[in-house]
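6 protein chains.
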Amino acid sequence: MELTHINEQGRAKMVDVSDKKETPREAVAYACIHMKRETLERIKEGTIAKGDVLSVAQVAGIMGAKKTSDIIPMCHPIMMTGCDINFSLDFENNKVEITATARTVGQTGIEMESLCAVSIAALTIYDMCKAIDREMTVSDVMLMKKSGGKSGTFERY
Amino acid sequence: MELTHINEQGRAKMVDVSDKKETPREAVAYACIHMKRETLERIKEGTIAKGDVLSVAQVAGIMGAKKTSDIIPMCHPIMMTGCDINFSLDFENNKVEITATARTVGQTGIEMESLCAVSIAALTIYDMCKAIDREMTVSDVMLMKKSGGKSGTFERY
Amino acid sequence: MELTHINEQGRAKMVDVSDKKETPREAVAYACIHMKRETLERIKEGTIAKGDVLSVAQVAGIMGAKKTSDIIPMCHPIMMTGCDINFSLDFENNKVEITATARTVGQTGIEMESLCAVSIAALTIYDMCKAIDREMTVSDVMLMKKSGGKSGTFERY
Amino acid sequence: MELTHINEQGRAKMVDVSDKKETPREAVAYACIHMKRETLERIKEGTIAKGDVLSVAQVAGIMGAKKTSDIIPMCHPIMMTGCDINFSLDFENNKVEITATARTVGQTGIEMESLCAVSIAALTIYDMCKAIDREMTVSDVMLMKKSGGKSGTFERY
Amino acid sequence: MELTHINEQGRAKMVDVSDKKETPREAVAYACIHMKRETLERIKEGTIAKGDVLSVAQVAGIMGAKKTSDIIPMCHPIMMTGCDINFSLDFENNKVEITATARTVGQTGIEMESLCAVSIAALTIYDMCKAIDREMTVSDVMLMKKSGGKSGTFERY
Amino acid sequence: MELTHINEQGRAKMVDVSDKKETPREAVAYACIHMKRETLERIKEGTIAKGDVLSVAQVAGIMGAKKTSDIIPMCHPIMMTGCDINFSLDFENNKVEITATARTVGQTGIEMESLCAVSIAALTIYDMCKAIDREMTVSDVMLMKKSGGKSGTFERY
Numbered sequence: 001m002e003l004t005h006i007n008e009q010g011r012a013k014m015v016d017v018s019d020k021k022e023t024p025r026e027a028v029a030y031a032c033i034h035m036k037r038e039t040l041e042r043i044k045e046g047t048i049a050k051g052d053v054l055s056v057a058q059v060a061g062i063m064g065a066k067k068t069s070d071i072i073p074m075c076h077p078i079m080m081t082g083c084d085i086n087f088s089l090d091f092e093n094n095k096v097e098i099t100a101t102a103r104t105v106g107q108t109g110i111e112m113e114s115l116c117a118v119s120i121a122a123l124t125i126y127d128m129c130k131a132i133d134r135e136m137t138v139s140d141v142m143l144m145k146k147s148g149g150k151s152g153t154f155e156r157y
Numbered sequence: 001m002e003l004t005h006i007n008e009q010g011r012a013k014m015v016d017v018s019d020k021k022e023t024p025r026e027a028v029a030y031a032c033i034h035m036k037r038e039t040l041e042r043i044k045e046g047t048i049a050k051g052d053v054l055s056v057a058q059v060a061g062i063m064g065a066k067k068t069s070d071i072i073p074m075c076h077p078i079m080m081t082g083c084d085i086n087f088s089l090d091f092e093n094n095k096v097e098i099t100a101t102a103r104t105v106g107q108t109g110i111e112m113e114s115l116c117a118v119s120i121a122a123l124t125i126y127d128m129c130k131a132i133d134r135e136m137t138v139s140d141v142m143l144m145k146k147s148g149g150k151s152g153t154f155e156r157y
Numbered sequence: 001m002e003l004t005h006i007n008e009q010g011r012a013k014m015v016d017v018s019d020k021k022e023t024p025r026e027a028v029a030y031a032c033i034h035m036k037r038e039t040l041e042r043i044k045e046g047t048i049a050k051g052d053v054l055s056v057a058q059v060a061g062i063m064g065a066k067k068t069s070d071i072i073p074m075c076h077p078i079m080m081t082g083c084d085i086n087f088s089l090d091f092e093n094n095k096v097e098i099t100a101t102a103r104t105v106g107q108t109g110i111e112m113e114s115l116c117a118v119s120i121a122a123l124t125i126y127d128m129c130k131a132i133d134r135e136m137t138v139s140d141v142m143l144m145k146k147s148g149g150k151s152g153t154f155e156r157y
Numbered sequence: 001m002e003l004t005h006i007n008e009q010g011r012a013k014m015v016d017v018s019d020k021k022e023t024p025r026e027a028v029a030y031a032c033i034h035m036k037r038e039t040l041e042r043i044k045e046g047t048i049a050k051g052d053v054l055s056v057a058q059v060a061g062i063m064g065a066k067k068t069s070d071i072i073p074m075c076h077p078i079m080m081t082g083c084d085i086n087f088s089l090d091f092e093n094n095k096v097e098i099t100a101t102a103r104t105v106g107q108t109g110i111e112m113e114s115l116c117a118v119s120i121a122a123l124t125i126y127d128m129c130k131a132i133d134r135e136m137t138v139s140d141v142m143l144m145k146k147s148g149g150k151s152g153t154f155e156r157y
Numbered sequence: 001m002e003l004t005h006i007n008e009q010g011r012a013k014m015v016d017v018s019d020k021k022e023t024p025r026e027a028v029a030y031a032c033i034h035m036k037r038e039t040l041e042r043i044k045e046g047t048i049a050k051g052d053v054l055s056v057a058q059v060a061g062i063m064g065a066k067k068t069s070d071i072i073p074m075c076h077p078i079m080m081t082g083c084d085i086n087f088s089l090d091f092e093n094n095k096v097e098i099t100a101t102a103r104t105v106g107q108t109g110i111e112m113e114s115l116c117a118v119s120i121a122a123l124t125i126y127d128m129c130k131a132i133d134r135e136m137t138v139s140d141v142m143l144m145k146k147s148g149g150k151s152g153t154f155e156r157y
Numbered sequence: 001m002e003l004t005h006i007n008e009q010g011r012a013k014m015v016d017v018s019d020k021k022e023t024p025r026e027a028v029a030y031a032c033i034h035m036k037r038e039t040l041e042r043i044k045e046g047t048i049a050k051g052d053v054l055s056v057a058q059v060a061g062i063m064g065a066k067k068t069s070d071i072i073p074m075c076h077p078i079m080m081t082g083c084d085i086n087f088s089l090d091f092e093n094n095k096v097e098i099t100a101t102a103r104t105v106g107q108t109g110i111e112m113e114s115l116c117a118v119s120i121a122a123l124t125i126y127d128m129c130k131a132i133d134r135e136m137t138v139s140d141v142m143l144m145k146k147s148g149g150k151s152g153t154f155e156r157y
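Chains as they are written, first to last, in the working numbering: chain A, 1 to 157; chain B, 1 to 157; chain C, 1 to 157; chain D, 1 to 157; chain E, 1 to 157; chain F, 1 to 157.
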């Protein structure tokens, strides 16, 4: 299989999708951010307050998904038709789990938008809690599922 | 210790750093992206060619670092004075390791810029290789070191 | 009626419009900016010159409308197909009246684009005249009319 | 007094502030958004939930303030050192009141950043509630106070 | 023939293309950058290395093409479906020749995207080599060909 | 002399200027755009009207200069302290001449900002007149002069 982003001169190009059909597409991505027990507890307390860390991360992730083609060099601009992010606090493993779903109706996939959403949401959590925990670590940023388009449905085992 | 991003109404604010001194600051961040052996080999071959995946990821990471305050809601705009990214191919664990160093002379830290650089570089590698490997996973996004500013030097374990 | 931007966790989401039909849509918004008589006269003189305040406000409003989905967190990206702004100098009430019309063919409405256009045009007038009049006030930023889409035509009485 | 934004050809320019001294500067702006009683009550209920309308408006206003020089054509880029937004629900007049404070240490004022913050926060409230109330109106967008710089302190009577 | 960007008040507008048909469109633009012999040789050497000047210019040109509607005031946002850039080193005339092809399926042309791509690629070459050659000159930025849309095919003689 | 943008791995980096002194800096760039006689006459007529082509190009050039570090990959973010653009209609050679001056007080030069200003102003003229003249050509984009910084003053012979 070819790396499709490489042109005849051996340099990067934005792949031509002009001839692809418009189909509804969806992608789900996951990330988690490990932290100290104490940090996780502070985030949990925050969810009771109004402007909690997770609400800001939610907004950041959605706005970040809209910037995907501005951030990832060879990504096509996409008319994202929907985006949602969910958080889950895992007190057993001291981490926040982040899942993002992005949707579009278009000629190319929306995987990168969902991956940008979870990554930027995780980095926003880092930013807002770094004063109390510099060692937080973002891990397992990965595509869980995608549907639509010529390559069909993918689901991570 | 307080979460400094929360205002009196319990909502998020951009912390006031007007009174902080300008000091030279540096931050180093790390991330890695796991992949199939075959994908790693393709990337390695690419480093011989002109427009290889890692060169595009390098540009993406540096440009992404410059967008940090546009992406992370409560981050201050910063005059980044330098940014560099290094890649290392790890054939034992089938992953690419990414290290970014960001520098500034200013009133607030540059940790988030270095973390955005490695995250966006990693997502760019994902984007350019996803046609041959959808299961690549970005992990261990973390701050390795930071110096400058009132809180002084931090070095991970 | 539900606030549609809220997800199951009670946090904000970008509403899914994947299933909506593409229809031609139009929105008209209004704003005015009150100022000192003298400021209004200076603006009027300017309209005779080449690079007058209103020409800059016109460009700012149109470019601002294109940034709507980058500025308003839950707005969908939209392919705006047309945008125009008109100014009217009201010497009876010492204000400039601004009307913006935005158009698209798409799955979701273009109201926010027209509201961003008039708001940013008004703020640009403020910026360019603030040296002579700090007390200018932007008021009556509102949607006058919208057509297209499932909810049909709205006209402010 | 001259309109300082006009060059010798009669066209707009970005005023040269190279020779101005760096001083701490602060600006406070105000805006309000009128709505139906019912809409205001829904927003109030929301403040109990996690991802309420005002939290999103808060994030939008702060991020919007950071985009000021990208939105307002003749504005200088500014290193905003702090930004906060407060909301107050006024049930007597059925409106939300918005106050934003922006700070910098620099060669030019930060008035436009505070005005962008309140305007964009107000438009975000509009966006998130427009499904239940299209007639909301943003008014009284104005500078309340500014300090620092050669022209000294201004306070609206 | 009329200048279509001018509204009834004599000010600029974004032309309404709502009624235009969606067609596949392509545009090819050209630019060259003249430089000292020595600079050209350094660029050539670089093409052997991994992160050469032309690879960075390639990424910059493609990302710049995606920013066209953000940079050129009256340009419509466009869903670019493909973009490629080619470089040719001309040792007879001591210049680098740049050709960019942009594609879309839409209601309006993609000429400006191709012109932005070559211009920004050329300016990136200037930026990366200016330490050794400040007198490089970008010339002959022009549209070579466009197809699709109502006005049909254009080819520069 | 070394190409300073290349790191130890042979890839591009943003040069570290942390140790450079802040000095006032100025750069002047030039570009011209050749066109049909008739197009030039239409532009001249326009300068009498309110929203003429050159006013829009002026705003585009200044706003584009502010985007320089977002467009040119290895450029440092800069606090531009002033920017002005002048146009001159040359009826002998059927072209518009564009000169831009950019100023800053900082650790690194402002050449790229002045070059972006003239390039983007020229492309805006192309965009607004392309309906009547597709063969316009931008040429002679070059640095005329720069002062400030360690490398001192440069003036094109």
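Misleading hints may appear alongside valid ones.
Pairs involving identical chains hold if they fit within one copy or between any two copies, as the list cannot separate such chains.
Below, a list of computed lysine-lysine pairs in the BS3-like style, where the Cα atoms sit at most 27 angstroms apart [said to hold, decoys possible]:
1. Lys20 x Lys44
2. Lys36 x Lys21
3. Lys21 x Lys44
4. Lys36 x Lys150
5. Lys36 x Lys145
Quick caveat, the hints were computed from the structure, so don't treat them as lab data.
Outcome of the hint check:
| no. | hint | result |
| --- | --- | --- |
| 1 | Lys20 x Lys44 | neither (45 angstroms within a copy, 30 angstroms between copies) |
| 2 | Lys36 x Lys21 | neither (47 angstroms within a copy, 30 angstroms between copies) |
| 3 | Lys21 x Lys44 | neither (44 angstroms within a copy, 33 angstroms between copies) |
| 4 | Lys36 x Lys150 | between (43 angstroms within a copy, 23 angstroms between copies) |
| 5 | Lys36 x Lys145 | between (30 angstroms within a copy, 18 angstroms between copies) |
In the structure shown, a violation is registered for the earlier hints numbered 1, 2, 3, in ascending order.
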